[in-house]
Each structure stands twice: as structure tokens, then as C-alpha cells.
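Chains as they are written, first to last, in this note's numbering: chain B, 1 to 211; chain E, 1 to 211; chain R, 1 to 268.
Incorrect hints may have been included.
Within a straight-line C-alpha distance of at most 25 Å, the following computed SDA-like cross-link-like pairs (lysine to any residue) qualify [stated by the list, open to error]:
hint: 1; chain 1: E; residue 1: Lys166; chain 2: R; residue 2: Ala91
hint: 2; chain 1: R; residue 1: Lys161; chain 2: B; residue 2: Arg90
hint: 3; chain 1: B; residue 1: Lys163; chain 2: B; residue 2: Arg90
hint: 4; chain 1: E; residue 1: Lys163; chain 2: E; residue 2: Pro144
hint: 5; chain 1: R; residue 1: Lys161; chain 2: B; residue 2: Gly133
hint: 6; chain 1: B; residue 1: Lys163; chain 2: R; residue 2: Trp168
hint: 7; chain 1: B; residue 1: Lys123; chain 2: B; residue 2: Ala111
hint: 8; chain 1: R; residue 1: Lys105; chain 2: R; residue 2: Ala91
hint: 9; chain 1: R; residue 1: Lys179; chain 2: B; residue 2: Leu157
Listed next, the stretches of chain E that the computed footprint assigns to chain R, with coverage defined by at least 3 CB atoms under 8 Å from CB atoms of chain R [said to hold, decoys possible]:
hint: 10; region: 18-30
hint: 11; region: 41-52
hint: 12; region: 64-76
hint: 13; region: 112-123
hint: 14; region: 130-141
Worth flagging that the hints you see were computed from the coordinates, not collected in a lab.
What you are looking at is a predicted structure, and each value in this text was computed from that prediction instead of being measured.
Using N, Cα and C, we set each Cβ at its ideal position, and we do this for glycine too.
If you want the building blocks of each chain, they are given just below.
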Amino acid sequence: MTTPEDQDDRAQDDLLRAVEATLFAAEEPMTAEAISTHLGGAEVREALRELAAHYEGRGVELVERGRRWHFQTAPDLAHLLRREREEVRRLSRAATEVLAIIAYHEPVSRAEIESIRGVQTAKGTLDVLMEAGWVRAAGRREVPGRPVIYATTPDFLAHFGLKSRKELPGIDELRAAGLLDPVDDEMVAMELAGDQQSEASDEETPPETAD
Amino acid sequence: MTTPEDQDDRAQDDLLRAVEATLFAAEEPMTAEAISTHLGGAEVREALRELAAHYEGRGVELVERGRRWHFQTAPDLAHLLRREREEVRRLSRAATEVLAIIAYHEPVSRAEIESIRGVQTAKGTLDVLMEAGWVRAAGRREVPGRPVIYATTPDFLAHFGLKSRKELPGIDELRAAGLLDPVDDEMVAMELAGDQQSEASDEETPPETAD
Amino acid sequence: MTVEIIPDAALPLDGEEEWEGPGAVATDDNALYLELEGWEGPLDLLLDLARRQKVDLRRISILALVDQYLSYIERAEALRLELAADYLVMAAWLAYLKSALLLPKDEQEDPSPEELALRLQLRLQRLGAMREAAARLMARDRLGREVFRRGAPEGLRVDRKNRWQCDWFALVQAYGQVKARTAPVVHMVRERAVMTLESALQRVSSMLGVRLDWMELQEFLPPHADVQLRRSALASSFVAALELARLGKAELAQDEIFGPLRLKAIKQ
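Whole structure, please, built from the sequences with the hints as guidance.
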């Protein structure tokens, strides 16, 4: 046998479910009045309080902000919504060259880098080096146009196991190690072409003017 | 003093909250594997079961559709929610029949669908179903002409509230009655003799005999 | 009045979902004819006729069904309704089936008419089953209609962060290669065996002087020259031939494109 209290409970239960579903499906936070109108004029404040209590401490909570109610992910779980995934990526050949030039010649402007490399350097290449934390903008050169000049960072030294830039092998050492021997032009062209494909942002174009 | 059991409980509780928050925030249904990956490799099946049980009978429920999980409003509250929603596009009778044939017989070729319906299927009909995301091309049948075969998608299961194709209404009875058996060659041939002349607008390569 | 029966295409794309066969609203024959365009092909019409027998599809009378179908088609023709070809093809096939069913058993072909009737029945059952399945599917609690997903999900985002890798050797090697690539380079051109235009001109005109008939350009080349010299000699001799023709001292002929070029002296 159902008592009047049971029926009241069920009615309250139905209202609770209705409010829950309405707020869940809503595209925007809703005021108690809007929910009430939506549910044919039922009094929903008590149901909202009960619901909020039910969700307390769960992964999702019902909150009131400026008289509007909505569900949201529990604040302490906010980090779950933005997961960071680290990807290890090898520096492209173009970026390695630019990094080497900055390391040997710092501080240098982009125009100087291009002049040394003999090819234009895409903006993305420097961005990558700055993202890696190895290169920083080190002011501007006091010449017409005031170009930004770049230098390496302490992180650069740490990553490459150098105490200072002086530890980089000099030109004579490079020559002795055979690293200055003319390389096969076609190979270089091919590798540079490879750079272009691997990094869309790192496109190289023949330099227009080198200064 | 906390016992090891308490700690276990708390860990399980945290996982439950994390799974709940993740699924609440997700824009698409997620497989258990995807949830697990998102949460750094935790085993989430037990948490999913617990959550589903927790939400049972509430205004919002956790359901599994084609191995993917999502929250949705309880079906019995449809009357409260429907009114302010734009109704999903109505399907033509032809489209609903083609959808049913694909769902119950999948994978099926167009010739097989046409054989069952006894009429050619306008290109647009399959397009509508694919655009809705309910049907996809599922490869080709290795018979002469290599016809494309069609199957339903996880979105189809989600839309129609089916955990898997096994839950298709009456599918067991239909199979037992032999009504889902592969379509008979001769019937296809007989049918096509009539069809080919019927509609010039309905371009279609003459369907090959189905297997 | 002409009503063309076009299966499928005649149906509006946004037709009613809980669609009822046109026959369901057609209580008398005339009304039925007006509804003919609603059928999707002969099988659809047959299924509707079969349903009117108000028995299980497994127990329908095929002969009665055939008669009904044929009489509809006849009456449609009497009313000059334009019938789509497949309705007529089905009519012809059913007429054949009927006559076969009525023939004495010993004159029957394979497959037997009973077998064919059974297959037709199976087809109707199949279509009927799918039509019901479609209706049951459409009547389910559907996402976006009866049940709803969260209206404003926060969304899950995966931010990719790059960790760049490069080692000391790659760095130093890259610098070495930049230096090597951009170092000034002096180009030396090696001496090569060539035949100058002057010597070719002299050679060709003197050889032309002693011959009266046509000679191919190839014959003017030094016979024992190496490949490189021969190539140079061919180019120079060709230009020389053109020059001699321009001066009116030689005649040039070529029978086809890329064919041998022939020369002949013009006697003044």
C-alpha cells in the first residue's frame, strides 16, 4: 500500500530527475525561474538544493553562479580536461644549422644568419629554437631597421654539455676533423628539401637579398 | 588511523570521480580504452560499471553504445526535453528501410539492398545515411565487380540506443526464420531485369550478382 | 488524368516516418489508383496486396495475389495510367507464374512454379520484416530526440608539447657543413676537344667543292674523332651548313623530321 508520503516522495523524486536532466541537457546555465518555467511551473529550489548536495564531492558538481545553475567538472579535476602530451622531436636540419650559427656567432640578426647559411630562414625555425629554450632574443642591433639579435641561453649550454661557448670546436679543429670538407651538393640539396617536407613551417626559399 | 582498505577505497573513489568527470566533459562517446589512456592508463572498467549503477534511475544515465560510453538523459523524461529541441531530420521511408536492411544484414552491397526492396535505391538515399553518420562503406566484396559493401557505425548504435547490433529489435527471431540469410542470386537477377529499364535518372552501374 | 508511377523517386524525401502503405488509406479501387504513385516498385505493391489477405505472410495465397496484381495493372492500363516498366515486367513474370502453377505437373520446368511461388513469398516476407524492423528502429528512444547528451560539455583537450632533441655532434657537423657549403669556390674549366665554327666552315666548304652529288651531314665529320669531339663537330658542321646555305653556296635537304640532313654544292 502506498501512503500519501510515498507519493510525495515519488513526486519529489520525479521533479529531482527532471531538474537534473534539464540542467544536464541545457546549453547554458539556467536560473531557477527558467527551469521552473521549463517544467511547467514546478517549484524547483528545493530540488536544486538536494541535487547540489547529491553531487557534492563527486566528479561533477552542480553550482550556482550569479543565480544561474549549471553542472561543471569538479574544480580539483580540472587538470583532467587538459591533458598534456609530450612529444620528443628531433630538430630539423635547418634548425640545427641556425642553432649552430647562433652559437658560433652570437649575437646575430636573422639577416646575418641567412647570409651565413646562404638560404632564407623561416620564422618558424627560430620559433622552434626558442620553444626548445636554447635561443633567446638578445635585444636589437643599433643599425638602420634595428633588427632583433639572437643568442643562446644557459639551457643551451646545459643541453649540449658545454661549460661555455668557448668549448665549441674552432674552425681549425673542424677542418682537422674533416667537417669542413666540401660536401656533396646534391646531398645537401636533398637534405634541405627533406627539411622542407618534414616541417611545413620551416620552408626555405632562395634568399632574395643577403646583407 | 587509515587502514590499507581505506586507502584502496579512496583510490577507487578518486578513479570513479575522474572517470565521471572525463565522460561528463567529453564531447564524444569514449571507449574504455580511450578513457584509460586519458587517465594515464588506469583500469576503468570496474569504475564504469559502478558509475552506471550509481546513475541508474536518475535523470541522467551512463550508457554503453557500441563499446563507447556516454551520459545521456533518461528516456522517460523525453516529454520534458523535446519541446525546445529542434527535431532531428526526418528520414524518408526509403532511407529508413535501407538503414534497417544495412543494420540487420550488414555488411551488404547495394545490389543486395535493392534485391530485398525490389527497387533501385537512389544515390541520395545512401548519402543521407552516411551524412547522418549512421552508415559507412565497409570495404568491397571479393566477387566480380568488387561491389562496395555497407555497414552501420558506432554512431548508429548510439543514436538508436543499442549496446550492440545484438540488441536490434527482433534480430534473433528474424535470423531463426531465415529472413536474414544471404540474398538469393536468381532473385537478384530476376529483379534487376526489371529494374534496369525503370529509371534512367538513377544512374547506377548495373549491379553485379550478389553472392 | 495521367499518373506516372515512379518508384522511390516519387516519394518526398521528407516523407512521414511512421509511414503507412498507401493501401491503408485506400478503401475503394478508385482511391487506390490515385495512390499508386506512393508505391516503391512492384514488390512494394505486392506486399501491400498480400497484407490485404489479412493472413500471415507465410500463408498468403500466391494465386490470389497474382490475380489481384494483374487486375490492378489491367485497370491501370484501362485508365491510361502510365506504368513504369518494372511494374509491367513484374506483371509479365506473374502471368507466367500463374500459367505455370495451373499447368499439369508433368509439363513443368525447373525450378518448379511452386518453388518460384515460394521464393516470391520469401521475398515478401523479407521486405515485410525489414519494413517492420525499420518502424521499430525509428520508434526507439533516439539520441537527440528522446534522450540528450550533455548540452554544454567542457570538452577534453590534449595539448601537445614538444621536447626537442639535438646532440653536440649534429650541432658541430651542421656548422661545418654551412661553412663548407658557403666557402668561396673557384671553378676551373678543363680543356676539351672541340671543333670551332671556323674550322668546320672550312672543312665543309672544301669537302663540298670536290663532290657533285648529295652528301649527308654525317659524312663531313672527322671519321676517327672521340665521342666528345664528334658531338662538337656535328654541332659546328650543322651551323656551317646553315651558313653556306645562307651564302648561296650549298643546298640543304631533309626528307623527314629528324631524318638525315643532306648537302649539295651549288655551282656558280
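Going through the hints against the structure:
1. At most 25 Å may separate the alpha-carbon atoms for a hinted pair to count; Lys166(E) and Ala91(R) exceed this at roughly 39 Å.
2. Among the hinted pairs, Lys161(R) with Arg90(B) is consistent with the structure: their alpha-carbon atoms are about 13 Å apart, no more than 25 Å.
3. Between Lys163(B) and Arg90(B) the CA atoms are separated by roughly 23 Å; this keeps the pair inside 25 Å, and the hint holds.
4. For the given pair, Lys163(E) sits about 35 Å from Pro144(E) by alpha-carbon distance, which is inconsistent with the 25 Å threshold.
5. Of the supplied pair hints, the one linking Lys161(R) and Gly133(B) holds, its CA atoms being roughly 13 Å apart against a limit of 25 Å.
6. At roughly 13 Å between alpha-carbon atoms, Lys163(B) and Trp168(R) fall within 25 Å of each other, so this suggested pair holds.
7. Using a Cα cut-off of 25 Å, the hinted pair Lys123(B) and Ala111(B) holds, with the two alpha carbons roughly 12 Å apart.
8. With a C-alpha separation of about 23 Å, the suggested pair Lys105(R) and Ala91(R) falls inside the 25 Å cut-off, and the hint holds.
9. Distance restraint check for Lys179(R) and Leu157(B): the Cα-Cα separation of roughly 22 Å lies within the 25 Å cut-off, and the hinted pair is therefore satisfied.
10. Check on the region 18-30 of chain E: 5 of its residues sit with their Cβ under 8 Å from a Cβ of chain R, so the three-residue criterion for coverage holds.
11. Against chain R, the region 41-52 of chain E contributes 0 residues with a C-beta closer than 8 Å to a partner C-beta. That does not satisfy the three-residue criterion, and the hint is violated.
12. Remark: the region 64-76 of chain E is confirmed as covered by chain R, as 6 of its residues place a Cβ nearer than 8 Å to a Cβ of that chain, reaching the required three.
13. For the region 112-123 of chain E, the stated coverage by chain R holds: 7 residues have a C-beta nearer than 8 Å to a C-beta of that chain, and at least 3 were required.
14. Against chain R, the region 130-141 of chain E contributes 0 residues with a C-beta closer than 8 Å to a partner C-beta. That does not satisfy the three-residue criterion, and the hint is violated.
The structure shown violates the earlier hints numbered 1, 4, 11, 14.
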